[in-house]
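Put chain B on the given structure of chain A with help from the hints.
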Amino acid sequence: MTISVYVPRDSGALAVGAEAVANAILAQAAERGIRVELIRNGSRGLYWLEPLVEVQTPQGRVAYGPVDRDAVPGLFAADFLRGGAHPLCQGLTEEIPYLKAQQRLTFRRVGLTDPLSLDDYRAHEGYRGLARALEMTPAEIVAAVTESGLRGRGGAAFPTGIKWNTVLEAPGDIKYIVCNADEGDSGTFSDRMVMEGDPYLLIEGMTLAGLAVGAEQGYLYLRSEYPHAEAILDEAIARAEAAGYLGDDLRGSGKRFHLEVRRAAGAYVCGEETALLESLEGKRGQVRAKPPLPAIQGLFQRPTVVNNVISLASVPAILDKGPAFYRDYGMGRSRGTLPIQLTGNIRRGGLVELGFGVSLKELLYDYGGGTASGRPIKAVQVGGPLGAYLPADQFDIPLDYEAFIAAQGTVGHGGIVVFDDTADMAHMARHAMAFCAVESCGKCTPCRIGSTRGVELLDRIIAERDKGADVAQVALLRELCDTLLNGSLCALGGMTPFPVLSALDHFPADFGLVAETAHA
Amino acid sequence: MPANTNNIERSNSLVETIVESHRHRPGALLPVLHEIQASFGFIPKDAVTPIADGLNLSRAEVHGVISFYHDFRYVPGPSVRVCMGEACQSMGSAALLESAKALFGDGVEPVYCVGNCACAPNVEIAHAYHGRMSPAKLTSLLAREVAA
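Here the protein sequences line up with chains A and B, keeping their order.
Position 358 of the first sequence, counted from 1, bears residue number 352 in the numbering used here, the numbering being contiguous throughout.
With positions in the second sequence counted from 1, the corresponding number in the numbering used here is that position plus 1140.
No wet-lab data here; the hints were simulated from the structure.
Beta carbons are placed, not taken as given, at the ideal position from N, Cα and C, and that holds for glycine.
Where hints are given, some of them may not hold.
If we take Cβ atoms under 10 Å as the criterion, some of the chain A residues that face chain B in the derived model are [to be verified]:
hint : residue
1    : L8
2    : E177
3    : D185
4    : R256
5    : R257
6    : G260
7    : K277
8    : G338
9    : N339
10   : G343
11   : V412
12   : F413
13   : E433
Part of the chain A face toward chain B, derived, beta carbon under 7 Å [said to hold, decoys possible]:
hint : residue
14   : G181
15   : E219
16   : E275
17   : T337
18   : V411
Here are a few chain B residues that sit away from chain A, every Cβ distance over 12 Å (derived from the structure) [to be verified]:
hint : residue
19   : S1161
20   : S1179
21   : P1184
22   : K1185
23   : Y1214
24   : S1219
25   : K1241
26   : P1275
27   : A1276
Okay, chain A solo, but in the shape it has when bound:
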């Protein structure tokens, strides 16, 4: 009998040795004359256990992790192919509390299936949304997305259905779907996991967007730091075309949708939608002034839907199960689920998909288990490098777009970076300004020049902080932040003050300030 063994091909797992583990399993099996079928799945998102090896048993899949190459002979000796006991055994994968407690809608298949198997995809509810959509009018598809309450998961949280409706109603024969897969925020990898672990989900989501607005061409703008995702997407697109899920006649409906991957070139600002469109057109990735909105004049001046990977990947389930199913998760105006990424100095880092409303405290301690270093958490940064640094007394905030705006923060793309009490927040504030200086597209003055002046100010503050803060320099820094906040063309300059000001407000001592003078 052949035994199925799963070793992820996810690039996170590969970076901690999954390839060597896969090879060692094949070599040991050959040596022992055992037939194994090695399946290279996506990651379950339990990254502290990667490389996570799973074995199919009659009771279900049994997990072992973190496995390194040298542990493989011992696993065979412990009869892991029948779920044998071993110090690395985590029991049945589905019963691991971290995974079991989640509400996986978008990530339902990631890690479970063979990412490139269309049969696997269809056997696990794949392409059911497309089957529904092919019997609906464009307006009905848009209405379903609007009713679901889905908001853009890239960070801006704009209602997806409203954006689609604008493109649907925009005049013109040629329209485009653009997927923003330029996932540049530190602390995020959910887009990557979907692309590497369930590529047909994204392809189906983009196809649905095309049907909804009348677009026949899609571009997937993928960051160059994700070569594994690119290879998997290229292969998945070719297989989907061969099976009639992409091309000139979608499943015999006579409708068309073509899709191609375009590799980005390492500019963070191209995650901003108008800079992304300029880049797709083959130009420098400089931000455009809005209006016109991309929905009216986007790629090559045509009406264009620009959506993040997770937004598009959320749509198939909405069409398959109906908008109410999705809308029933979440809180307030934040409907559905959010794939949250627990990262940085955290004991159990990984992917946690839950309805909106979960508190930071639950995520950091119940799921994350506190810091990896074992020291107290000093701060977390939510929503990428432009997100605020929050101190421990704010960990009761629920993950909700409005609650985070009220706390001068952003949910962003759902990344959470944890820092222990050794972190120097003045240094992190300086890093935010330096990052903005490196990545600024140069179009607007506050961002281009302000970021460099911000680095200089913070260098002066840090140099003097042991003697007590230079209050005049801090006041100047606050004024500069005000200029960036209100005078920048896009979120890069407009939000760089969030990490800077939150560090100043919540961790004044790191700047040599006593609490009262922090707001001087």
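What follows is chain B alone, placed relative to chain A:
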């Protein structure tokens, strides 16, 4: 120097072939630059004119794009990149950057996020990512790289 002339001719014809294979695509410049860089390891300065001619752009436009994006360069890129995203910094990537520079000097650059933030800190060596890095692990990996 006939050998050198041959090399230049060969690289010119490679550039022209690459441009020709993409010129029908809308927004062809980035795919062209990526393929040239993959072939040569960098963008040869002499390639700017044939790219501009082939895509009906000015040389200034082509140079402008090459100089805008971090990925494109006129000289070979670094062999080692250390992730300096916030998640990797929270796990000590600043110390890693120092260790890498001590071993590799100018061949080391920072990169801002490789998307493996739950297994921080990360480094990239010869286009492969390595997570959960420590200065000691990095030193032994780099020593292997130098020997190779």
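Hints, verified against the model:
Taken as an interface hint, A:L8 checks out: its beta carbon lies about 7 Å from the nearest beta carbon of chain B, inside 10 Å. For A:E177, the suggested interface contact is upheld, since its CB lies about 6 Å from the closest CB of chain B, less than 10 Å. At its closest, the beta carbon of A:D185 sits 8 Å from a beta carbon of chain B; the interface hint therefore holds under the 10 Å criterion. Because the closest C-beta pair between A:R256 and chain B is about 7 Å apart, less than 10 Å, the hint holds.
Annotation: A:R257 was flagged as interfacial toward chain B, and the flag holds, the nearest CB pair being 6 Å apart, inside 10 Å. A hinted interface residue such as A:G260 counts as satisfied when its beta carbon comes closer than 10 Å to some beta carbon of chain B; here the least separation is about 4 Å, so the hint holds. With a least beta-carbon distance of about 7 Å to chain B, the hint placing A:K277 at the interface is held under the 10 Å criterion. Interface restraint check: A:G338 against chain B, minimum CB-CB distance 4 Å, threshold 10 Å, status holds.
The closest approach between the C-beta of A:N339 and any C-beta of chain B is roughly 4 Å, which is under the 10 Å cut-off, so the hint is satisfied. Interface restraint check for A:G343: the shortest CB-CB distance to chain B comes to about 3 Å, inside 10 Å, so the restraint holds. The interface hint given for A:V412 holds, since its Cβ lies 6 Å from the closest Cβ of chain B, which is under the 10 Å cut-off. Satisfaction of the interface hint for A:F413 is found here, the shortest Cβ-Cβ separation to chain B being roughly 5 Å, below the 10 Å cut-off.
A least Cβ separation of about 7 Å between A:E433 and chain B falls short of the 10 Å threshold, and the interface hint therefore holds. With a cut of 7 Å, the hint placing A:G181 at the interface with chain B holds, because the nearest CB-to-CB distance is about 5 Å. Here the hint on A:E219 is kept, as its CB sits about 5 Å from the closest CB of chain B, short of 7 Å. Annotation: interface hint on A:E275 holds; nearest CB of chain B at approximately 5 Å, less than 7 Å.
Annotation: A:T337 was flagged as interfacial toward chain B, and the flag holds, the nearest CB pair being 4 Å apart, inside 7 Å. Against a cut-off of 7 Å between C-beta atoms, the interface hint on A:V411 holds, since the closest Cβ of chain B lies about 5 Å away. No beta-carbon of chain A comes within 12 Å of the beta-carbon of B:S1161; the shortest separation is about 14 Å. Consistency note on B:S1179: stated as away from chain A, and its beta-carbon is indeed over 12 Å from all of that chain's, at 15 Å minimum.
The claim that B:P1184 is not at the interface with chain A holds, since no C-beta of that chain comes within 12 Å of its own (minimum 17 Å). Every beta carbon of chain A lies more than 12 Å from that of B:K1185, the smallest distance being close to 18 Å; the non-interface claim holds. No Cβ of chain A comes within 12 Å of the Cβ of B:Y1214; the nearest lies about 14 Å off, and the non-interface call holds. No Cβ of chain A approaches the Cβ of B:S1219 within 12 Å, the least distance being about 16 Å, so the stated non-interface status holds.
Chain A leaves B:K1241 outside its interface by the beta-carbon criterion, the shortest separation being 17 Å against a cut-off of 12 Å. Interface exclusion of B:P1275 from chain A stands, the closest Cβ pair being 15 Å apart, more than 12 Å. Every CB of chain A lies more than 12 Å from the CB of B:A1276, the least distance being 16 Å, so the non-interface label holds.
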